[in-house]
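Trainee: So the sequences go chain by chain: A and X. Read in order, the letters of the first sequence are residues 1 to 262 in this note's numbering. Read in order, the letters of the second sequence are residues 1 to 216 in this note's numbering.
Just so you know, these hints were derived from the structure itself, not from any lab. The reader is advised that the hints may include incorrect statements.
[Claimed, not checked] Calculated pairs, SDA-like style, for lysine to any residue (alpha carbon to alpha carbon, straight line, at most 25 Å):
1. K92/A with G205/A
2. K92/A with P167/X
3. K92/A with R14/X
4. K92/A with N142/A
5. K92/A with A159/A
6. K92/A with T197/A
[What the hints assert, rightly or not] FRET-style restraints, in silico, Cβ to Cβ:
7. S29/X with S157/A: 36 to 42 Å
8. A153/A with Q75/X: 28 to 34 Å
9. A253/A with A112/X: 55 to 61 Å
10. H60/A with V72/X: 55 to 61 Å
11. S136/X with D35/A: 46 to 52 Å
12. V72/X with P261/A: 45 to 51 Å
For every residue, glycine included, the Cβ atom is placed at its ideal position computed from N, Cα and C.
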Amino acid sequence: MSYAHITLPRLLLSLGLIAVAIALSRRSRLGLEGDLLWGAVRGAAQLIAIGYVLLLLFNHEHPAWVLLLLAVMLVVAGATAARRVEHGPPRKVLFPRAIAAIGAGTLVAVLPVFAAVVPLHPWYEARYLVPISGMMLSNAMNVVAQVFERIFASARSEADQVEALLALGATPRQALERQVRATLRAALLPTINGLLTVGLVALPGMMTGQIVSGTPPEQAVRYQIVILYQLVAVAAVAGMIAVAFARRLLFTARAQLVLPPN
Amino acid sequence: MTSTLEARELVVVREGRRILDRASILVRSGEAVAIQGPSGSGKSTFARALATLLEPDGGAVLLGGRDARQIVPTQFRTRVAFLAQQPAMFEGSVVQNLKTGPALHGESLSDAQASDLIRAVGLDEPILQREARILSGGEKQRVALARALANAPEVLLLDEPTAALDPEAGERIVALLRELRLRGLSIVMVTHEDAHARALGGTLYRCERGRLAIDS
Numbered sequence: 001m002s003y004a005h006i007t008l009p010r011l012l013l014s015l016g017l018i019a020v021a022i023a024l025s026r027r028s029r030l031g032l033e034g035d036l037l038w039g040a041v042r043g044a045a046q047l048i049a050i051g052y053v054l055l056l057l058f059n060h061e062h063p064a065w066v067l068l069l070l071a072v073m074l075v076v077a078g079a080t081a082a083r084r085v086e087h088g089p090p091r092k093v094l095f096p097r098a099i100a101a102i103g104a105g106t107l108v109a110v111l112p113v114f115a116a117v118v119p120l121h122p123w124y125e126a127r128y129l130v131p132i133s134g135m136m137l138s139n140a141m142n143v144v145a146q147v148f149e150r151i152f153a154s155a156r157s158e159a160d161q162v163e164a165l166l167a168l169g170a171t172p173r174q175a176l177e178r179q180v181r182a183t184l185r186a187a188l189l190p191t192i193n194g195l196l197t198v199g200l201v202a203l204p205g206m207m208t209g210q211i212v213s214g215t216p217p218e219q220a221v222r223y224q225i226v227i228l229y230q231l232v233a234v235a236a237v238a239g240m241i242a243v244a245f246a247r248r249l250l251f252t253a254r255a256q257l258v259l260p261p262n
Numbered sequence: 001m002t003s004t005l006e007a008r009e010l011v012v013v014r015e016g017r018r019i020l021d022r023a024s025i026l027v028r029s030g031e032a033v034a035i036q037g038p039s040g041s042g043k044s045t046f047a048r049a050l051a052t053l054l055e056p057d058g059g060a061v062l063l064g065g066r067d068a069r070q071i072v073p074t075q076f077r078t079r080v081a082f083l084a085q086q087p088a089m090f091e092g093s094v095v096q097n098l099k100t101g102p103a104l105h106g107e108s109l110s111d112a113q114a115s116d117l118i119r120a121v122g123l124d125e126p127i128l129q130r131e132a133r134i135l136s137g138g139e140k141q142r143v144a145l146a147r148a149l150a151n152a153p154e155v156l157l158l159d160e161p162t163a164a165l166d167p168e169a170g171e172r173i174v175a176l177l178r179e180l181r182l183r184g185l186s187i188v189m190v191t192h193e194d195a196h197a198r199a200l201g202g203t204l205y206r207c208e209r210g211r212l213a214i215d216s
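Chain X on its own, in the form it takes in the complex (with noise of 0.2 Å):
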């Protein structure tokens, strides 16, 4: 069983403009969010303010319905895994990469885990020992997704996990998306693109000037 994530009217004030007015979202465990909205309209800002990799200038974040600044960050975000749009490989092998989360937290990811991970993301076995800096967009996405699910994370947020990528590729992460939602993980996922966020299959809210709706 996983936790309700909530956004609780997120304000985000930079140089004066109000980048998240009042922004709110609700994320039942094991529901798919996606967030689609034009560039420049806020919701990237609002899924780092989600991750509390930004701190907002009013309202609240709530995990289980517990505040997130009650929360320790460090576990918060072990609870809720944040993608970035073009995700950081760390130096070394994707092994390395995948074992980075489990190792920060005294914690240690066997060959046999790392396997399943990597399979799950839809890439074959001989990646892992592939320098992770190297691959292609698709597989440094996919590579991401999994270093996150080896933290076992009860909410995967995920900010243009295809913006970067060819359609194709685009279209087999959000497969991969709706196949990790039947495993039980709650996805949000920001998107600028209409039909990738159609198809992901859960509530739909559009983003506009910093605010959030959902479409009906």
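Okay, chain A solo, but in the shape it has when bound (with noise of 0.2 Å):
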């Protein structure tokens, strides 16, 4: 396979497209330049750590490792969908529950098509297994987020209907039923509009990746598309299992609204 191998001299010349956005942050005076300058260097820093992680990874290839460097992932990924959620409950609630829920979602997600689709060997092949699975734990993360952040702040901000239905003798899921509809369609709607523009739109990452460094394109486009299948089963798991939490959390199992402090 041959590819234009990136010099270190010709990365950091790739600086100057955030030095553009830093300069016209400044122009606009949107104060946003500390956090473009942080946002590139944090995010170069992670990237080339995780690329000496892969690197190390495959070069001493055991399920141990594997397990390990994805269960990090999955940390990472229900740390963030757990932070900063208006409205809900404590970090501390909302995180073991967005583990599962990502976790739940990305399992899901990734079993059939390993066992099926795309076989490993061995089983747990990094090559492939770390890549495609931090792609599903990523979009997982996203819906997981916005389930959160949608749900708590809709049952407060509508709570005297979901009071009146439940007045009414509904059950909480009754109840909360227009709520759980709307985020669900809020958070499932990026993967879907990611459905009907690809190819269209944008060229997705790993698709590119992999033309960029030789693969046919017609196996690289068959790649994508059961990553898009993925993403779908993902975010329809992850979403579905973070509103079941949300609403545990939102009703006694009396049947009582309970919101979470401000």
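Make one complex out of these two single chains by using the hints.
Mentor: What follows is the structure in structure tokens.
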């Protein structure tokens, strides 16, 4: 496989793109210069670090190391999804639930594919398992974060509606149905939009990467189709599980609405 | 025949403060009870606890002599209807609002039944097709009443049903409640207005600092 090497000086040259954004931010007084610089440095550092981790992993491929890396990714995804949920319960309450929702969604999307569509040899083959699981974890993280953010906010702003339904004899599931539907639709929409516009607006990252590194486009496309379908499954499952957790947090066993303190 | 609704020594504590302090009440079948008290006296908390929408820290609510905790919440709330001070209208028309309660229990309300209900609360049939959320305060209160009646409850529990209304509309609501009582419903009305509490024409309780006492 042949591809154009990016030397270190050339990599540094790409920092110029960040400089453009910083210049625009300064000119428009957005006050984002610090964030942009920090984001650029941090993003690069994280990617370089994971590059070395992957290199190490490929050279010493062992199930324990692969699983450890996946576990770390899951924990970071869970912590990110559970943070800064306005109107929601404290982070320590949401964190284990975010882990469960993200983990379960990822398992549902990943296991059948690696079992039947892209068989791995051995089963812990890091070259496939890590990047594809990472994409799933990331999508699940975004969906779960959005579900938590929206469902607690809408339960609060529409508490009178929810209680009016409870007072008419609704179960918690019935009382929160409207808010759940709106939340899940909003959380799944980016993934569905991704399905609708893929290839027309943007070529997805993984496919682009494969093509750049020499994979025949028709194979890269097939991989991408599988990934897209996995992303849909992960979003649906993680979203539903997050909603189920939120519902249990919002109601007592006696079907009373309990809003987390502000 | 409707069941007796009883609150037995209800205690509600919030942030270290006793909102309800062993508040008790007995509502016999077909009886009207008014609970009058200044704002902040705990009467709205009492109404919500009596409706089982709020879990008390002590005491119990009993329906027909049975502890509410042993009754499935959906069943209890179908038998004991609760109306908030400014009842939320659901999206859609008035008739869709009226059909909500029965639909939650897998039942349906016919258009003829909806017409009967809307007339029973003193509104005219054309209102059935109007968007519920844009009605006036008094109309919303009546629609909420009709919506609660669609579940055929035994007890009506109302939290300040006249507070957001002009005096005339408020008096009409109280007159309507008296009428419903004559049809066999038990009524519990929480209000800060002394005149409305007396006009209901039943037992009058005073609520002060979370305690209830019969006004003699």
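Trainee: Would you mind marking each hint as holding or not holding in the structure?
Mentor: Taking the hints in turn, this is what the structure says about them:
no.	hint	in the structure
1	K92/A with G205/A	33 Å, violated
2	K92/A with P167/X	50 Å, violated
3	K92/A with R14/X	23 Å, holds
4	K92/A with N142/A	18 Å, holds
5	K92/A with A159/A	24 Å, holds
6	K92/A with T197/A	37 Å, violated
7	S29/X with S157/A: 36 to 42 Å	39 Å, holds
8	A153/A with Q75/X: 28 to 34 Å	31 Å, holds
9	A253/A with A112/X: 55 to 61 Å	39 Å, violated
10	H60/A with V72/X: 55 to 61 Å	58 Å, holds
11	S136/X with D35/A: 46 to 52 Å	50 Å, holds
12	V72/X with P261/A: 45 to 51 Å	28 Å, violated
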